[in-house]
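Q: If you're matching them up, the sequences are chains W and X in order. Residues 1 to 451 (this note's numbering) are what the first sequence spells out, left to right. Residues 1 to 451 (this note's numbering) are what the second sequence spells out, left to right.
Any given hint might turn out to be false.
Which copy? The list can't say, so a pair holds if one copy fits it or any two copies do.
[As the list claims (entries may be wrong)] List of simulated lysine to any residue pairs, SDA-like, C-alpha gap at most 20 Å:
no.	residue 1	residue 2
1	Lys432	Gly302
2	Lys221	Phe76
3	Lys422	Phe361
4	Lys37	Ser318
Bear in mind the hints are in silico, worked out from the structure with no lab data behind them.
Number of protein chains: 2
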Amino acid sequence: MRNDSLLVTDLYQLTMVQSYLEHGLTRIASFELFVRKMPEHRNFLMFSGLEPLLEYLEQLHLDEAELDWLRKSGRFSDELLDYLDGLSFDGHVDAMREGTVFFPDEPVVRITAPLPLAQLIETRLINLLHFQTLIASKAARVRLAAGDRQLVDFGLRRSHGAEAGLLAARASYLAGFDATSNVQAGFAYGIPIVGTMAHSYILAHGCESEAFVHYAHSHPKGVVLLIDTYDTEAAARKLVKLAPRLASEGIRIQAVRLDSGDLGAHARKVRDILDRGGLHEVRIFASGNLDECRVQSLLDQGAPIDGFGVGTRMNTSSDAPYLDCAYKLQEYDGQPRRKLSEHKATWPGRKQVYRQYRDGFIDRDIITTVDDADCSGEPLLQPVMRHGRRLHEPQDLKAARMHARQQLQALPPGLLRPDAPKTERPVVEVSKALRELARAVDRDIRLRMAS
Amino acid sequence: MRNDSLLVTDLYQLTMVQSYLEHGLTRIASFELFVRKMPEHRNFLMFSGLEPLLEYLEQLHLDEAELDWLRKSGRFSDELLDYLDGLSFDGHVDAMREGTVFFPDEPVVRITAPLPLAQLIETRLINLLHFQTLIASKAARVRLAAGDRQLVDFGLRRSHGAEAGLLAARASYLAGFDATSNVQAGFAYGIPIVGTMAHSYILAHGCESEAFVHYAHSHPKGVVLLIDTYDTEAAARKLVKLAPRLASEGIRIQAVRLDSGDLGAHARKVRDILDRGGLHEVRIFASGNLDECRVQSLLDQGAPIDGFGVGTRMNTSSDAPYLDCAYKLQEYDGQPRRKLSEHKATWPGRKQVYRQYRDGFIDRDIITTVDDADCSGEPLLQPVMRHGRRLHEPQDLKAARMHARQQLQALPPGLLRPDAPKTERPVVEVSKALRELARAVDRDIRLRMAS
Chain W
1 MRNDSLLVTD
11 LYQLTMVQSY
21 LEHGLTRIAS
31 FELFVRKMPE
41 HRNFLMFSGL
51 EPLLEYLEQL
61 HLDEAELDWL
71 RKSGRFSDEL
81 LDYLDGLSFD
91 GHVDAMREGT
101 VFFPDEPVVR
111 ITAPLPLAQL
121 IETRLINLLH
131 FQTLIASKAA
141 RVRLAAGDRQ
151 LVDFGLRRSH
161 GAEAGLLAAR
171 ASYLAGFDAT
181 SNVQAGFAYG
191 IPIVGTMAHS
201 YILAHGCESE
211 AFVHYAHSHP
221 KGVVLLIDTY
231 DTEAAARKLV
241 KLAPRLASEG
251 IRIQAVRLDS
261 GDLGAHARKV
271 RDILDRGGLH
281 EVRIFASGNL
291 DECRVQSLLD
301 QGAPIDGFGV
311 GTRMNTSSDA
321 PYLDCAYKLQ
331 EYDGQPRRKL
341 SEHKATWPGR
351 KQVYRQYRDG
361 FIDRDIITTV
371 DDADCSGEPL
381 LQPVMRHGRR
391 LHEPQDLKAA
401 RMHARQQLQA
411 LPPGLLRPDA
421 PKTERPVVEV
431 SKALRELARA
441 VDRDIRLRMA
451 S
Chain X
1 MRNDSLLVTD
11 LYQLTMVQSY
21 LEHGLTRIAS
31 FELFVRKMPE
41 HRNFLMFSGL
51 EPLLEYLEQL
61 HLDEAELDWL
71 RKSGRFSDEL
81 LDYLDGLSFD
91 GHVDAMREGT
101 VFFPDEPVVR
111 ITAPLPLAQL
121 IETRLINLLH
131 FQTLIASKAA
141 RVRLAAGDRQ
151 LVDFGLRRSH
161 GAEAGLLAAR
171 ASYLAGFDAT
181 SNVQAGFAYG
191 IPIVGTMAHS
201 YILAHGCESE
211 AFVHYAHSHP
221 KGVVLLIDTY
231 DTEAAARKLV
241 KLAPRLASEG
251 IRIQAVRLDS
261 GDLGAHARKV
271 RDILDRGGLH
281 EVRIFASGNL
291 DECRVQSLLD
301 QGAPIDGFGV
311 GTRMNTSSDA
321 PYLDCAYKLQ
331 EYDGQPRRKL
341 SEHKATWPGR
351 KQVYRQYRDG
361 FIDRDIITTV
371 DDADCSGEPL
381 LQPVMRHGRR
391 LHEPQDLKAA
401 RMHARQQLQA
411 LPPGLLRPDA
421 PKTERPVVEV
431 SKALRELARA
441 VDRDIRLRMA
451 S
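Next comes chain W alone, as it looks inside the complex (with noise of 0.2 Å):
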């Protein structure tokens, strides 16, 4: 199945834009994506996954198995047929750059195109912008907990499918990781890969020490060796014993890895054999249900890591593993648009985000209408899109890195802890002109409403 076919798609959006095409409302709309709320251990959000949207909007079609099977469904009438047949995005995209910090109610994507197509698009724009956001808001946690140690993402096998693996390599890339175990990833996207053995390896072989050497002379030059399979230390005290043999061969064993028990214990303790022993450019390798409060309480505990693998939790993002995010309609045919629903109250119209500074620290973001004169600070929102093409060149993973870099350098440094306390995020305003806007159109709500 096509990850980017457009039948990834909700069916309500099938049934609207048949009505939509039947009923003429193609006019222009703007649709917003925003967050509304924070999980409650977030104290910033991370934008990713814009290019790939971009991508996806610029191969936007069906191809032919699946135009007929909708044809033969039976349940879609010839106009929508038609409509699909010769569908492109030919509309406007303007958005935060990857790797931005973000809070709620901030929009960090706006589409505005002819109102079906804006909505035809809505499912796998959320689709790819919420879980490559979710996955990058938590990996650049980790990055924070970790300081400059190395971070490799291990979570392909958990991860919510293949694409999920693939994405979340990206994401957590993008947000500071160092590299990933997905070969896929590195395929696609040119990711440094990394990764060694397993305990089957040990396991297949019996004897751990020969393991050891099978594995080095195979691997010469990258020799890191799991060592828990059954007693860390022993292992420890084992690979003390190999390593002249192994050097006299021209091979030096670069790292162990540790994947289970009390990791800062057993580093210590694995730290000590290996330094005792004249191991001491060996480095240590932790991994096994890490995610970032692990992470940093390790390293509190002055735990000996030279390097993480953080897997499962990382790629579900499993304490959070989903963002409360909405793409809504803001303006249709120049009139601004607002829905009341309860708890579920959106800002109208188009938006733009201003952000202030304050020493190289984010200070203040304003949320306010696009055309509103009065508000300063760096726009947030850009354009990247115009009638269907880009402005720019596809924006480079290592470029998106560096900016995501330098995002979470100008957080807050009260931001900067996995535990640090919801009280120390940034204001974010919403301007007078928004709020008044916001009136206006509830006014508006009313009057039709009474009528």
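Mind docking chain X on chain W? Use the hints.
A: For chain X alone, coordinates are given in the frame of chain W:
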């Protein structure tokens, strides 16, 4: 990117396989997949994903571009590249039937194949089975809570990527959902698809009544109207006014959808308004942040809701977004193997699970060795593939769904509510034969470690 690419793997599978080939570790290995520990709010798990796994194994290959990329990386031996170039899956698969209820430590799948091959497929095998089992286990709880009310998967947009949305639609349908909003799931698996309108449809019209009438004219056979955009009860009263006019055109309102606020309170008020307006046959469908606990709570309160759309919390299994599962080498070249890592020790050897019933309910599972003649009951693991060939026609999804339904009917009554205490779980025993085997393997490991 191909979801079923062999590149959807961890790099260490390739580095290990290269070393296995180099050192002649190519004899027959058996790996088993099992869940180590139940998530906190689960009393049982439901196996799902076997058919997609078999499809993956049947097509296992690298395409030219992928192979080229591996070759050009310069990090792999010619021996490995030749091996990958000519690869196909010619191993054995034994597995539980999809939809089978199971418990921790029970193997759900066993792969028996030459070590490099059984190793190579690990990542995608876990990726496919872990996620689908996660979702089927969650969806089964929702089904139990909802009784025979309509259940629709609404989760695609906040699923973790497109494949997650597709596989979650499949797993939830298997576990007892009636339909999905995901159009691709209809295309790929023939799952019934449903969907009507979003708030944007109402907002684009400006006038809510006009939106309702337009929708009814466009889809006269499926009039389900979203009534919470501005004021839920006011919208219900509008429908009472509109209904006679629509009826005169031969159009019947089938249902209303509530998507915000206190769903139970709104449902009661709306039911009352509809009934007093003579619209007894109009059903009430609810959605918005639902999961099995909220469904159970709404029904416990007697909320007059006829169907539920369950989205994000089911498709991300949000209270438990991953399972602690593992695919472990249990036997190599006829010798049982076992890992001893702290808190991660496994039961060695190839295993079978026997299920015993009492009064039609699952009473006791016994995990034992494959050749234990002393155990009796229904053997849950069955051969499904030999030498890479299926033993049966592909399993029909509807048949698997029927099996899942029977499994839920065989659950002890104490497990049926989402808040059932853990003490209600059936007994899972480890047989005497398996305990003895584990002791023998441990003795062997200690002997070899001491040497």
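Q: Next step is simple, just say for each hint if it's right about the structure.
A: Now the hints, each set against the structure:
no., hint, verdict
1, Lys432 - Gly302, "neither (49 Å within a copy, 45 Å between copies)"
2, Lys221 - Phe76, "between (60 Å within a copy, 12 Å between copies)"
3, Lys422 - Phe361, "within (17 Å within a copy, 49 Å between copies)"
4, Lys37 - Ser318, "both (17 Å within a copy, 16 Å between copies)"
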